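Given next are the chains, with one letter for each unit.
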Amino acid sequence: MLKKIRISIAVLFFTFITVYFLDFADLMPEQMNFLTRIQFVPAILSLSVIWIISLVVLALFFGRVYCSVICPMGIYQDLVGRIARLFRKKKKRFRYRKAKTILRWSIVAVVVVTFFIGFPLVLGLLDPYSAFGRMVVSVFSPVYILGNNLLEFIFTSFDNYTFYRADASIYSAFTFIIGLVTLLVIGYLAWKHGRTYCNTICPVGTVLGFLSKYSLLKVRLDHGKCNSCSLCELNCKAFCINSKEQEIDHSRCVTCFNCIESCNRNAISYSFAFGKSKNKEVKPDVVDEGKRKFLSTALLSTIAIPATVAGKVTGVEAANKLTPLTPPGSKGIKHLKDYCTSCHLCVSKCPSNILEPAFTEYGLSGIMMPTMRFQHGFCNYDCTICSEVCPNGAIQPLTVEEKHITQVGKVIFKKESCIVYTDETNCGACAEHCPTQAVTMVPYKGALTIPVTDQSICIGCGGCEYICPETGKAIFIEGNVEHEEAEMFEEAEKKEFDFGGFGF
Amino acid sequence: MDRRKFLSAIAVAGFGATITARGAVHVLSQNLGSQNGNPVDLVAVMGGNADEMFRRAITEMGGMDNFVKPGYKVCIKPNIGWDKIPELAGNTNPDLIGEIVKQCFDAGANEVVVFDNTCDDWVKCYKNSGIENAAKDAGAKIVPANQESYFRTVSIPRGKILKEAKIHEAILDSDIWINVPVLKHHGGARLSISMKNHMGIVWDRRFFHSNDLQQCIADICTLDKKPVLNVVDAYRTLKTNGPRGKSESDVVLTKSLFMSQDIVAVDTAAAKFFNQIESMPLDQVEHLANGQKLNIGTMNLESLNVKRIKI
Numbered sequence: 001m002l003k004k005i006r007i008s009i010a011v012l013f014f015t016f017i018t019v020y021f022l023d024f025a026d027l028m029p030e031q032m033n034f035l036t037r038i039q040f041v042p043a044i045l046s047l048s049v050i051w052i053i054s055l056v057v058l059a060l061f062f063g064r065v066y067c068s069v070i071c072p073m074g075i076y077q078d079l080v081g082r083i084a085r086l087f088r089k090k091k092k093r094f095r096y097r098k099a100k101t102i103l104r105w106s107i108v109a110v111v112v113v114t115f116f117i118g119f120p121l122v123l124g125l126l127d128p129y130s131a132f133g134r135m136v137v138s139v140f141s142p143v144y145i146l147g148n149n150l151l152e153f154i155f156t157s158f159d160n161y162t163f164y165r166a167d168a169s170i171y172s173a174f175t176f177i178i179g180l181v182t183l184l185v186i187g188y189l190a191w192k193h194g195r196t197y198c199n200t201i202c203p204v205g206t207v208l209g210f211l212s213k214y215s216l217l218k219v220r221l222d223h224g225k226c227n228s229c230s231l232c233e234l235n236c237k238a239f240c241i242n243s244k245e246q247e248i249d250h251s252r253c254v255t256c257f258n259c260i261e262s263c264n265r266n267a268i269s270y271s272f273a274f275g276k277s278k279n280k281e282v283k284p285d286v287v288d289e290g291k292r293k294f295l296s297t298a299l300l301s302t303i304a305i306p307a308t309v310a311g312k313v314t315g316v317e318a319a320n321k322l323t324p325l326t327p328p329g330s331k332g333i334k335h336l337k338d339y340c341t342s343c344h345l346c347v348s349k350c351p352s353n354i355l356e357p358a359f360t361e362y363g364l365s366g367i368m369m370p371t372m373r374f375q376h377g378f379c380n381y382d383c384t385i386c387s388e389v390c391p392n393g394a395i396q397p398l399t400v401e402e403k404h405i406t407q408v409g410k411v412i413f414k415k416e417s418c419i420v421y422t423d424e425t426n427c428g429a430c431a432e433h434c435p436t437q438a439v440t441m442v443p444y445k446g447a448l449t450i451p452v453t454d455q456s457i458c459i460g461c462g463g464c465e466y467i468c469p470e471t472g473k474a475i476f477i478e479g480n481v482e483h484e485e486a487e488m489f490e491e492a493e494k495k496e497f498d499f500g501g502f503g504f
Numbered sequence: 505m506d507r508r509k510f511l512s513a514i515a516v517a518g519f520g521a522t523i524t525a526r527g528a529v530h531v532l533s534q535n536l537g538s539q540n541g542n543p544v545d546l547v548a549v550m551g552g553n554a555d556e557m558f559r560r561a562i563t564e565m566g567g568m569d570n571f572v573k574p575g576y577k578v579c580i581k582p583n584i585g586w587d588k589i590p591e592l593a594g595n596t597n598p599d600l601i602g603e604i605v606k607q608c609f610d611a612g613a614n615e616v617v618v619f620d621n622t623c624d625d626w627v628k629c630y631k632n633s634g635i636e637n638a639a640k641d642a643g644a645k646i647v648p649a650n651q652e653s654y655f656r657t658v659s660i661p662r663g664k665i666l667k668e669a670k671i672h673e674a675i676l677d678s679d680i681w682i683n684v685p686v687l688k689h690h691g692g693a694r695l696s697i698s699m700k701n702h703m704g705i706v707w708d709r710r711f712f713h714s715n716d717l718q719q720c721i722a723d724i725c726t727l728d729k730k731p732v733l734n735v736v737d738a739y740r741t742l743k744t745n746g747p748r749g750k751s752e753s754d755v756v757l758t759k760s761l762f763m764s765q766d767i768v769a770v771d772t773a774a775a776k777f778f779n780q781i782e783s784m785p786l787d788q789v790e791h792l793a794n795g796q797k798l799n800i801g802t803m804n805l806e807s808l809n810v811k812r813i814k815i
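Chains A and B, in that order, give the protein sequences. For the first sequence, the numbering used here begins at 1 and goes up steadily by one. For the second sequence, the numbering used here begins at 505 and goes up steadily by one.
Take these hints with a grain of salt, some might be off.
To be verified - Straight-line Cα separation of at most 30 Å, DSS-like style, residue types lysine-lysine; simulated pairs: (1) LYS814/B / LYS495/A; (2) LYS645/B / LYS573/B; (3) LYS776/B / LYS573/B; (4) LYS729/B / LYS670/B; (5) LYS349/A / LYS640/B; (6) LYS664/B / LYS797/B; (7) LYS445/A / LYS776/B; (8) LYS640/B / LYS494/A; (9) LYS100/A / LYS213/A; (10) LYS445/A / LYS729/B; (11) LYS349/A / LYS628/B.
As the list claims (entries may be wrong) - Output of the computed footprint for chain A on chain B, the stretches with three or more beta carbons under 8 Å from beta carbons of chain A: (12) 591-603; (13) 621-631; (14) 638-651; (15) 737-745; (16) 756-764.
In case anyone wonders, no lab produced these hints; they're calculated from the structure. Quick caveat, the model's predicted, so the values are computed rather than measured. Quick reminder that beta carbons are idealized off the backbone N, C-alpha and C, glycines included.
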């Protein structure tokens with residue numbers, strides 16, 4: 001029964017969050033974004049006190065239900081495990097494994113330390129929610145869009161325009177590979193080794209595992225009933241039941257309840273602890289020099305490697321000709337890099353398709369984080385979608401009015417490349433696209449007009465850069481390292497029509 | 505085949521249909537009879553709501569039956585270029601589009617489709633312009649134009665610079681199409697009216713901008729498949745900072761509408777009308793003269809039978 005409830009809720013959560021990530025047409029209601037906000041790392045980064053408390057209380061009450069019901073990566077692994085069972089001739093047999101406590105906490109330490117010294121890439125790579133997001137956006141999304149386009153083709157040939165074609169191309173080979181590697185590596189682990197990722201690598205799993213040791217409700221063995229038959233152990237995908245010793249390592253139990261279903265003697269229950277737990281904690285009784293060395297080396301390298309890398313990176317950044325553009329609401333490169341874990345939800349949701357995972361524009365530490373590129377479009381003047389969906393607060397919510405004066409970059413005009421100058425023909429495409437008229441056309445030669453720019457009212461939307469017919473772009477946006485407030489443009493003189501005549 | 509069908513349909517249509525050459529230019533326009541039997545080339549209406557003015561104008565042109573025959577697939581091409589609400593006059597008035605769709609169906613159209621290759625994100629443009637709702641409510645289909653695969657290459661033999669273009673299939677596959685621009689100031693082309701509205705049926709607009717915009721606008725209007733009717737929405741006019749406008753101060757409530765089969769004539773009329781609000785000498789709107797040179801219409805309004813109506 002418990003297992004059935006677990007599976008039903010997990011399927012619901014998983015389906016909705018996956019579809020929410022894939023939903024490029026914005027068909028799902030805005031409220032669905034709570035699915036991303038209740039994820040552990042986003043809740044902490046956005047300092048959502050309510051969600052943090054809820055998740056901690058949840059863990060202290062029910063154990064690691066987060067890992068089997070809320071975390072999409074956890075459910076993905078269960079899904080792979082299920083498929084694996086169909087392909088395996090013999091029924092899956094798991095065996096108890098010792099906890100890799102030192103490795104687990106070393107990873108947490110690395111994640112925390114690198115995060116605080118300004119190298120959040122490790123957190124971004126290991127956070128199960130963000131890794132799942134990248135997987136969906138990079139690998140599943142093109143497939144989903146191709147499916148949509150196939151439906152569109154069929155429907156449109158019957159003159160039904162319910163569907164519309166979307167761009168199914170992959171954003172960047174680099175993030176596609178990262179997404180695919182995530183999919184395959186975690187998929188492989190889940191296929192062969194159950195919840196190994198959650199119980200050795202995942203920093204969220206380690207933290208929640210720690211809390212779960214003290215949770216009120218736990219999966220418990222009744223030592224009176226148990227005959228150490230090991231059926232439960234064989235079914236434990238977390239490898240945390242030692243049937244011989246009749247012990248359960250609660251820091252690794254993801255409360256899947258598979259053991260309860262498997263037990264023939266009703267010796268396992270999910271129940272309250274009265275008094276101290278009877279389960280013995282596995283403790284290393286001898287000081288292991290090797291492990292100590294490993295831990296200290298890990299910690300040292302944690303600080304040393306990213307520090308040197310970061311040092312190099314700043315050098316590269318300064319040398320770059322263009323400052324990359326950060327999405328409006330992200331305040332600038334520093335804020336974005338402090339809070340973004342590259343889940344790519346904004347990349348998937350951007351209706352203009354201009355948010356793309358960065359390669360090295362932000363330096364090594366900002367790899368995969370969203371940046372604005374204007375090859376396929378420009379930032380819609382009234383659109384605030386990326387700032388609304390970001391669960392981390394890396395892109396802070398903006399009202400339309402705030403967006404109108406948020407300057408993410410400034411316009412730069414190279415007259416000698418402009419076709420009005422080189423070919424002496426009228427164009428004006430840049431001014432045409434400029435929402436604030438930071439680019440306007442002024443008389444040049446004869447009937448020709450040429451652009452002039454006013455950086456103070458430019459918001460850096462990229463309309464001019466996108467539409468500029470010159471292949472080398474005679475007009476483009478140079479990013480602001482930190483976003484600035486653009487001045488409000490002057491309004492035109494109001495006029496009333498006298499309804500006198502037609503004028504001809 | 506399409507063109508033949510279209511031409512024969514037009515030839516049969518309207519009891520007073522004649523093909524005349526007024527002046528040296530005006531070869532292709534078909535002058536249809538009005539209710540009192542006199543051929544009307546251009547109708548200008550002022551003082552009503554957009555839909556009301558359209559009803560008056562189309563009656564002067566002999567009614568929608570003159571253009572739409574039972575069973576036709578009609579394509580309506582408004583300007584939906586920007587993610588703007590109707591009050592900001594960046595796009596064609598939605599009430600006008602709704603009324604035209606309705607009249608097409610009343611005249612027996614089998615299907616009416618509406619589209620534009622927008623500048624802003626098309627989903628937002630279609631929605632916030634109010635055109636998607638107005639067109640759908642009247643029974644039309646909204647067709648996307650966001651991917652190149654919706655467009656087919658067509659040769660433009662009479663174009664001076666533009667020799668071929670990718671045209672939206674909704675135009676190519678229709679029996680007739682109706683051009684419904686909004687009158688706007690335009691930084692590059694000076695004015696955006698019926699001729700400029702052709703840029704929304706084309707995929708690659710950058711070619712226009714990099715190869716003499718004013719000539720390319722005239723060139724695309726020599727396309728074999730011409731609109732049977734140009735309806736210029738001037739219910740609100742974007743007088744400054746066009747074609748997208750910055751704020752409501754750029755907009756003037758002008759409550760007018762112009763209609764003609766002669767695309768150069770209707771744009772000339774609208775340009776002269778615009779000149780009353782903001783100075784706009786005709787020679788600056790170069791695509792008008794370029795169009796006249798390509799024999800797609802006349803700038804000489806004196807040579808036409810113009811009907812002026814105030815409501």
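> Against the structure shown, which of the earlier numbered hints fail to hold, in ascending order?
Replying inline: 3, 8, 10 and 12
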